[in-house]
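Reconstruct the complex from the two isolated chains, following the hints.
For reference, the chains in residue letters:
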Amino acid sequence: METTTICPKMTVKPTRGLVDEDIAIVISGLSPKQAITIRSLLNSEDKDFWHAYGHYVSDDNGVVNVVEDECFGGTYNGREPTGLIWSLKPVPGSRPALRLRKVDVLTPFILNISVYKGHISKCFEEPPLARAIIERWYIAPGVSRVDVKEKGIRGTLFIPPGPGPFPGILDMWGGGGSGITEYRSSLLASHGYAVLALDFLSSQAKSMHSGNITEKYFEAAFEFLQSHPRICSDRISICGFSFGASVAVALVANENSINPRCLVCVSGCHIIQVKNTIDDALEGFFRHPGKLKYDESNHVIWHGLCLPIPTDESEKVKVRNLKCPFLLVAGSDDQNMAAAESAEDIENMMKAAGNEHLLTKLVYPMAGHLIDPPYSPHIRSSNFFDSIKKQRVVLLYGGSTKEHCFAQEDSWKKILDFLHHHLYDAEIISPKL
Amino acid sequence: MKTRISPKIIAQPARGLVDEQIYIRVSNLIPNEKITLRCLLLSEDNDFWHAYGLYISDDKGVVNVAEDVCLGGSYTGTEPNGLIWSLKPVPGSRPALRLRKHNVFTPFLLNVSVHKGHINGDFKDASSLALTVIERWYIAPGVSTVEIRENCIHGTLFLPPGPGPFPGILDLWGGGGGLVEYRAALLASHGYASLALEYISTQNTSINVNNIGTEYFEAAFHFLKSHPRVSSEQVGIFGLSFGTSVALNIAANRNRISPRCLVCISGSHAIKINGTIGDVFADLKKDAGKAIVDENNHFIWKEIILPRLADPSKKVKVGNIKCPVLLIAGDDDQNWPAVDSARDMGHMMKAAGNEHLLTTLIYPKAGHLIEPPYSPHTRFSNFISVFTQQKVVILWGGQPKEHSFAQEDSWEKILHFLYHHLYSSNIGLSKL
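Sequences listed follow chains F and X, in order.
For the first sequence, counting from 1, position 112 maps to 112 in the working numbering; every step adds exactly one.
For the second sequence, counting from 1, position 22 maps to 22 in the working numbering; every step adds exactly one.
Isolated chain X (complex conformation) (with noise of 0.2 angstroms):
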């Protein structure tokens, strides 16, 4: 009996690292077909997330995804990557979710299916003509990792193979507080030795926020600064929202800590800390009546740290920052004001005469979680508010298709930025 053969799915890296392009090609389609390609993950939290597009075979029955124009779906458009950034949970999942690696030794597992076809999103009964299944990885082979607990710092600190000495970074997550590995990974398979740092604990009671002030980041930038493979002249801080925050203060204090860069991610300088992290806390919660509630239920928390741009005395003295500063924002980020602050902050160093130091980049339509591509945008994800200790869902803000540019487009400049902050400016000085 003579059946027809398969079409031919590859999808390539087979085993890539999560920020490189994926390339899908199907073949031994009819000619002019109809067909939709799938995606699907089962997350750790075992919730399904999937995301599709339609598309038709040309005269030789072939879909090449990096080429050929998505005529609906998930995303639309000739988007070589849109199987992965534009996934969602299935219809039916739990509401609220958000797609976090929390173990970084394992890969992502995607399944990525051709049905017959142009599908509307719904799965149940579609069967797949062809499939194949791609790992994506937080984590390059020969990354090491060390648990820290000493001295009080609680991170763990990723290393790249070798003997270095590599650059450091410093990586501060925001208010959802928890060891946060995943972007430390990254960054470490990008040749950076990476210290992800716990200083919100939601479990761990020797991690309380009110014996938590400058001195904890400064004590853990000592320790990767005199880490025996970091060198002590090549450390930089990356941060994301509340970390943003974290990065600028301790900055800024110039007589404790020089680094030699900072990457500030959907932040605002107008959150000083002037005792301990639980006092700054204390503090929002006073203003915590200014967040917004949506037709949704969702928060929008944007409006407490507002006004305080107006209030010098609220905020960081960025004139004081002595080095290069990488400011990146999204103009739909709903949690913080993060474009305001980004315009203020030039101000402020305008007027101290430091502004050379500061690129800004300001994404149109983007949200607040500007993670490393692909990340799957999150408009809005359950959280346990800081304030009250409750779960409430957030509203982060950005649309799809934006946020994931800006996702690419800033961690492209990000990596071009470290690289020559922490490597390439020392070309000419190594001791070789």
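The following block holds chain F by itself, in its conformation from the complex (with noise of 0.2 angstroms):
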């Protein structure tokens, strides 16, 4: 009988998940005690390539099974089932200081999986021995994108399928970036709830507001969202990354008509205040530019800016003044921002009040500042506009690898467990059939 050559025989689950989701890759067909190179291959939207990579060694069946196996060595090691995503990092070659995000997030990510002979780690040519294609989605099926500009307000909602009501969801971003980052927002709306991305840095949101975007800005994002047909007015949360996360946490502690049922802030501070424009807030940031640091490799370092975080309560957020339960989220390796520090002295100051019941705190070791929804690629580092200065800068994140992505897969089930106990669980008053 003569020899045939049959490929490696690779499944790969799901074919089009959610970013959230586990991956479970499995090869068979391979020879006994084989050793071999699995890669993922992604082509970001702006045209760079990202890669990572793990050697295995196949069991007496010829078979790898990635969530079961040890990977000993690559862009990461150890039993990662997910390690092939996470890992993710500009191939060799490649422009400086990338970071990858989703702007379509109506189309998905494709990762393409390759199985190589050996332990490699370059030179991946083909063809390869195996290869499978899949998709990774930031929105469900089912899941609306609506444009808003009315209202005063400038922003994306997304709002899952059916006739609702749907608790809501006020997602506050961070600087950086261009137009309305959209994707934690379609993920969130794909997880049940109806998300606002709202858009509080832009030009365009400035400019409905002869330049100034204040507290009434918010007001009516928040309003815009009790008021709307397919939301529960008395179910909205609001979520906020960075820059995001500091002025969410100053709104809800103020005096206003910002009362939601719960908050989630991940990697801000309490430092600023919302008392007069956004963009005064954000110079606050700024008022100690001695502060600013750099590391070895020239990237800036803003982690020191709020330090020392002031003993006068005047000076920070009256956290005292919290009413609803709030998850906080943050890094201790953050070099962006003092979102450990911060962390601490929030709950010293809550204790102090009396209200620290109110608060879940959640500090990572050795993550830094962009925890990002699983399993997106950590990144240290990255090119940034500074809008104020109109400069581009590197700026450093911080965070080791694997401790980062732990960090993002563990906050996110939590955030997703702390959303839906307030905004979904609990407990159902008069209903209205």
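None of these hints come from the bench; they were simulated from the model.
Among the clues, some could well be false.
Stated by the list, open to error - Computed list of lysine-lysine pairs in DSS-like fashion (alpha-carbon distance at most 30 angstroms, straight line):
1. 149/F <-> 33/F
2. 89/F <-> 47/F
3. 290/X <-> 322/X
4. 47/F <-> 33/F
5. 60/X <-> 323/F
6. 402/F <-> 89/F
7. 291/F <-> 413/F
8. 60/X <-> 414/F
9. 361/F <-> 34/X
10. 317/X <-> 391/X
11. 390/F <-> 361/F
12. 413/X <-> 33/F
13. 365/X <-> 391/X
14. 402/F <-> 117/F
15. 323/F <-> 413/F
16. 401/X <-> 13/F
17. 13/F <-> 413/X
18. 149/F <-> 89/F
19. 318/F <-> 414/F
20. 402/F <-> 323/F
21. 117/F <-> 225/X
22. 34/X <-> 88/X
23. 361/F <-> 275/F
24. 413/F <-> 88/X
As the list claims (entries may be wrong) - Pairwise CB distance ranges, derived in the manner of DEER restraints:
25. 359/X <-> 179/F: 37 to 47 angstroms
26. 94/X <-> 152/F: 47 to 57 angstroms
27. 145/F <-> 283/X: 56 to 66 angstroms
28. 282/X <-> 163/F: 29 to 39 angstroms
29. 103/F <-> 322/X: 53 to 63 angstroms
Every residue, glycine too, gets a C-beta built ideally from N, C-alpha and C.
And the structure:
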């Protein structure tokens, strides 16, 4: 019987999953105890190539099961079912300081997963032994995307399918990027929430208010959600990230019409005030430029700008006034914002005020600033357009890859549980059928 | 104003292949509440299909379709996938419909909704409490297609991603004709280079049954075998209905082609192709009078072929088959005498000494159209008669629950069979 070649068989599930779903990769038909490299490759919307790879050895039956087997090296090691996604890095020779972000949430990331002979770290030559293609989506089928430019606010609303009413989320991102960052909002909508990704930093948003975005803008955004026919007016949360988180906690602690059911803040701090305009608040961050630091690669460290945390309460957000459950997430290696220090201080202030029972604080060791939904790659530093100084810099965000990716995975689970608990599970009052 | 929050309905996978199980869970209902779950689909032919099940939530206000008992509707009992396999045309639809995917590059979209109370099937005025949408795909990402129009072969080749070489499958449908791609696309999504072959054209005059004989299928087999991304020694044939007869004919003629294995569904070896397909039809037409028309004016054709089982000259010499055969039949098949044929084939192979190659799966109360899961069961549907070229309604047979079980169970066994013979039997021989 003539010797024939048949390629190894690779199965990857799910074939078209949401970005926060686990993946399972099984390869069979290898020789027993064969050394292979599995490589994932992605072509970003910015046309950069990102890859990750792991070294494996098949068992006696010629099978490699990424969920169960040890990875012996590559861009990750150990037993890491999703390592081929979270350890993605720009390929050698790429432009420096890149960040992987999905701009168009209506299309998926396409991941190309290939198997190569031997344990290799470069020269991934075509053809591989086997290949699979999977899609990773930030949006579930049936979720609608609606551009919002009304009632004085600008943003993108994502609504799940169905009559509702749904709990609502006001999603406030941070600085940087162009346009509205939508991917976390669309992902939250895919978990059953009506989410408004609010634009409060762009020139288009400012032009709606003669250049001045104030607290009233956020009140209007909150009220927009409350009065939406498919949103349950008393089940609205605010989720903030970075500068958005800092603004969110300040707004909620103020006396105004913003009364969320619960609050989620990731990688923010509590030392800015929203007394005047948002631009003033942003400039307030940079009032001590002497505290800027640079690492050995000349990447800018903003971490010290908020330090030391003031002891005078009038210089901080009055967290004593918070009346809703508050989930606070930070990385202890955040080099961009003193988020971990801020979290500790918030806890102390709330203990002193007697409302610490509202607080759930999650500070992740060796995690950095960009705590994204899983399984986003860890970005330790990347390009940033400083809109105040009007210059491009490279910001250091911090974090060690494995621990940072653990923080993303763990915090996201906890964020989803927290939101579900407070927005869905909370007691049904006077059901209207 | 405090309003009640919408129940939360989760259906997974949100974007799955058609043969993947679904998991549907509804939460935030009132405890011990009566609800109806409904699945609605708009076919490519613009007909609405639906299925529904009556449930009662537990003490926590949760319904979990994989575990809970459905109390009525288009299915009953604990049926995780009942909302898909029990799909039927909505009341008032055109009669005798069959659900088939023409464009494999787009998914079926299923609306899964929750309704208050137990609804008896009339959803006209029933607004939903909650809704989710899922996609069901016949093709995995990365599967590519090649239109094949060479050497008179008419078909579509579906190739998995990667360099291969892959095992190959020649995919043959039945007398309904046309180029049916969805099963080949699904097989390619499982790692097989699959050629969906057209051999009876309803529109294309270049595929004239009077010009097509076994050489056409052998040419298609050779095409597949010699494709640069197909492993020449690992090519099988997959047939349903008339396609099964074709598969048995060409496999038994062992001097010409050597398939590695055969999957034969709902067919018979009592169709011998001596000349052209046209000759076969002309021969069958002589016995068209043996067709029975039931009280609904539906045609039962199995009697046309049944008598041939007694005539050795009309049967393929299955004793000559040299490869493993997986034979699948439903005992309520009203279109072909598939079970009688399966038994007779077993006798013939025993007499010839090659019955060790045969695995037979006979499914009680399953009909003729044993498709990949979770296709809805079609007991009868419109068909263009190969005898008269007129539209008739054919009785395929089968009962929904048992037929759907047959589809699910046989598909799992088919995939194992194909993997065993086309992938894993090669372990140790592969050059890596």
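Cross-check of the supplied hints:
A C-alpha spacing of about 60 angstroms is found between residue 149/F and residue 33/F, which places the hinted pair above 30 angstroms, so the restraint is violated. Of the supplied pair hints, the one linking residue 89/F and residue 47/F holds, its CA atoms being roughly 14 angstroms apart against a limit of 30 angstroms. For the proposed pair residue 290/X and residue 322/X, the alpha carbon gap of about 34 angstroms is over 30 angstroms, so the pair is violated. Restraint check for residue 47/F and residue 33/F: not satisfied, since their Cα atoms lie roughly 37 angstroms apart, outside the 30 angstroms limit.
The hinted pair formed by residue 60/X and residue 323/F meets the criterion: a straight-line CA distance of about 28 angstroms does not exceed 30 angstroms. Between residue 402/F and residue 89/F the CA atoms are separated by roughly 13 angstroms; this keeps the pair inside 30 angstroms, and the hint holds. Note on residue 291/F and residue 413/F: the hinted pairing is violated, with a Cα-Cα distance of about 35 angstroms set against a maximum of 30 angstroms. For the hint pairing residue 60/X with residue 414/F, the CA-to-CA distance comes to about 21 angstroms; that is within 30 angstroms, so the pair holds.
A distance of roughly 40 angstroms separates the Cα atoms of residue 361/F and residue 34/X; the hinted pair therefore is violated under the 30 angstroms criterion. For the suggested pair residue 317/X and residue 391/X, the alpha carbons sit about 34 angstroms apart, so the restraint of at most 30 angstroms is broken. Under the criterion of a C-alpha separation no larger than 30 angstroms, the hint pairing residue 390/F with residue 361/F is inconsistent with the structure, at around 35 angstroms. Our distance criterion of 30 angstroms between C-alpha atoms is met by residue 413/X and residue 33/F, whose separation comes to about 29 angstroms.
The hinted pair formed by residue 365/X and residue 391/X meets the criterion: a straight-line CA distance of about 26 angstroms does not exceed 30 angstroms. For the hint linking residue 402/F to residue 117/F, the alpha-carbon distance of about 26 angstroms falls within 30 angstroms, and the restraint holds. Restraint check for residue 323/F and residue 413/F: the C-alpha separation of about 24 angstroms stays at or below 30 angstroms, so the hint holds. For the hint pairing residue 401/X with residue 13/F, the CA-to-CA distance comes to about 28 angstroms; that is within 30 angstroms, so the pair holds.
Restraint check for residue 13/F and residue 413/X: the C-alpha separation of about 20 angstroms stays at or below 30 angstroms, so the hint holds. Pair hint residue 149/F plus residue 89/F does not hold up; C-alpha atoms about 36 angstroms apart against a cutoff of 30 angstroms. Distance restraint check for residue 318/F and residue 414/F: the Cα-Cα separation of roughly 25 angstroms lies within the 30 angstroms cut-off, and the hinted pair is therefore satisfied. Proposed proximity of residue 402/F and residue 323/F is contradicted: the alpha carbons are some 35 angstroms apart, above 30 angstroms.
Restraint check for residue 117/F and residue 225/X: satisfied, since their Cα atoms lie roughly 26 angstroms apart, inside the 30 angstroms limit. Our distance criterion of 30 angstroms between C-alpha atoms is met by residue 34/X and residue 88/X, whose separation comes to about 23 angstroms. Our distance criterion of 30 angstroms between C-alpha atoms is met by residue 361/F and residue 275/F, whose separation comes to about 26 angstroms. The suggested pairing of residue 413/F with residue 88/X is violated, with an alpha-carbon distance near 39 angstroms, which exceeds 30 angstroms.
Look at residue 359/X against residue 179/F: about 59 angstroms separates their beta carbons, and that is not inside 37 to 47 angstroms. For the hinted restraint 47 to 57 angstroms between residue 94/X and residue 152/F, the CB-CB distance of approximately 51 angstroms keeps it satisfied. Checking the proposed 56 to 66 angstroms range against residue 145/F and residue 283/X shows it holds: the Cβ atoms sit about 59 angstroms from each other. Between residue 282/X and residue 163/F the CB atoms are about 59 angstroms apart, so this pair departs from the stated range of 29 to 39 angstroms.
For the pair residue 103/F and residue 322/X, the beta carbons lie near 57 angstroms from each other, so the given range of 53 to 63 angstroms is met.
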